[in-house]
Amino acid sequence: GDETRRADARELRGARRYHETVNDIERRLSSVGWEADWSAGLLAGSATQLRAYESEVDVVNTRTEGVSTNPPQRLGEQVLEGQARRAFGGHALTLGFEARNESLRDPGLPGGESTARQRAVYLQDEIRLGASLDLTLGLRRDDHHLFGSEWSPRAYAVWRAAPGWTVKGGFSHGFKAPNLKQIVPGERREGPNVFLGNPDLQPETSDGAEIGVAWTAGGRELQAMVFEQRVRDLIEVVFVAPGTVPGTGTYTYDNLERATLRGLEIAYAQPLGAGFSTQVSWTYLDARDGDGERLLKRPRHGVGARLDWAGGAWKAGLRLDHTSGEKLPQPVATLPPQRGPELTRIGAHLARRLSDRIELSLGVDNLTDLRPADESPLYTQAEPPRTWRLALTGRW
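Under the working numbering, the residue at position 136 of the sequence shown is numbered 169, and the numbers go up by one with no gaps.
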């Protein structure tokens, strides 16, 4: 897809000319997948999956008034992942891997390019402990060529307490390495703002737990979950200096030593008849740093709603996401954060099955072309504009 972002700006030095800066962004995404159920041979009784993804984002900058431009940049990512699952007795074992390569091409970098490589393997065992109790145990190891390795265990239990009632909960450890845009030194423009890479940035690690209850009857589903996540070295966007044009600025990335995210999520789904179904959800989030202060740019409330329809070879859907209660930093570091406006994002999709193996689909994200910066100048990162997707999917 193609996107053009325009912004008014002023040179930081020299003649300090006012001008328009334009970023032309081109995105390319491709993927392929393979699945198989084996009935004979060494893998008999197993199900296997293999998927490959590739994405590239090119950014080319132009400016008016003869102002020098930013060098062109290309951010690329290639991912290969696979897994094999086999059930036997009261167990279902899954063994998988993930290989991820990331690259950033910029004439200003040594050699013109920077790369990052991450590899991971994981093992999971789904254990049937009785007619009403299941336990899932998992272990993942990540190896990042810049940030070393990390073990991430996981445990999750599901108890079918009574007909229609389920109690579930678990614990997990997480590891998230920063991307190249965040760690490679130098400045990169996003809209009218400048973001500085921080080579001292460290990966996030987290420990999370959740517990909840679910009820189902006649196709209706109601679920309530409470959760808590404790994060070390949370990666945050930090204000550095105001820009030459009001509402713009320079930012960098830094680690927040400690953070805790607690909340509640309630979701409900119900068939409506005639091929229609609906889903609604509400999430409450209390995100705070180690000193008990609220984290910025994290909405306190989130409401989601979906309406889906399926009939014959056709299916369609409409979704709405509404957020409120977000705290935004002001362009002067000494000023307290300000409450951000409520935002509503709308998306839709339409698909038709052309055969048993081929489907054609059309989708749109940000249907109303919401631009948060138009609602408040405190929004510093550009929202993807109205985006259309046309896809032809085949399964063989």
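Any given hint could turn out to be false.
[As the list claims (entries may be wrong)] Calculated lysine to any residue pairs in the SDA-like style (CA-CA distance at most 25 Å, straight line):
#, residue 1, residue 2
1, K201, V336
2, K330, R386
3, K330, R39
4, K330, A384
5, K201, E326
6, K360, W315
7, K209, R187
8, K214, E131
9, K201, H124
10, K201, V191
11, K360, D402
12, K201, L318
13, K209, L318
14, K214, S147
15, K209, E135
16, K330, E408
17, K330, H382
18, K360, E326
19, K330, G241
20, K209, S165
Since the hints were derived computationally from the structure, they do not count as laboratory data.
Hint check:
no.: 1; hint: K201 / V336; result: 23 Å, holds
no.: 2; hint: K330 / R386; result: 40 Å, violated
no.: 3; hint: K330 / R39; result: 23 Å, holds
no.: 4; hint: K330 / A384; result: 34 Å, violated
no.: 5; hint: K201 / E326; result: 31 Å, violated
no.: 6; hint: K360 / W315; result: 19 Å, holds
no.: 7; hint: K209 / R187; result: 15 Å, holds
no.: 8; hint: K214 / E131; result: 21 Å, holds
no.: 9; hint: K201 / H124; result: 19 Å, holds
no.: 10; hint: K201 / V191; result: 4 Å, holds
no.: 11; hint: K360 / D402; result: 22 Å, holds
no.: 12; hint: K201 / L318; result: 20 Å, holds
no.: 13; hint: K209 / L318; result: 21 Å, holds
no.: 14; hint: K214 / S147; result: 10 Å, holds
no.: 15; hint: K209 / E135; result: 14 Å, holds
no.: 16; hint: K330 / E408; result: 14 Å, holds
no.: 17; hint: K330 / H382; result: 28 Å, violated
no.: 18; hint: K360 / E326; result: 11 Å, holds
no.: 19; hint: K330 / G241; result: 20 Å, holds
no.: 20; hint: K209 / S165; result: 34 Å, violated
Figure legend: structure checked against the earlier numbered hints; hints not met, in rising order: 2, 4, 5, 17 and 20.
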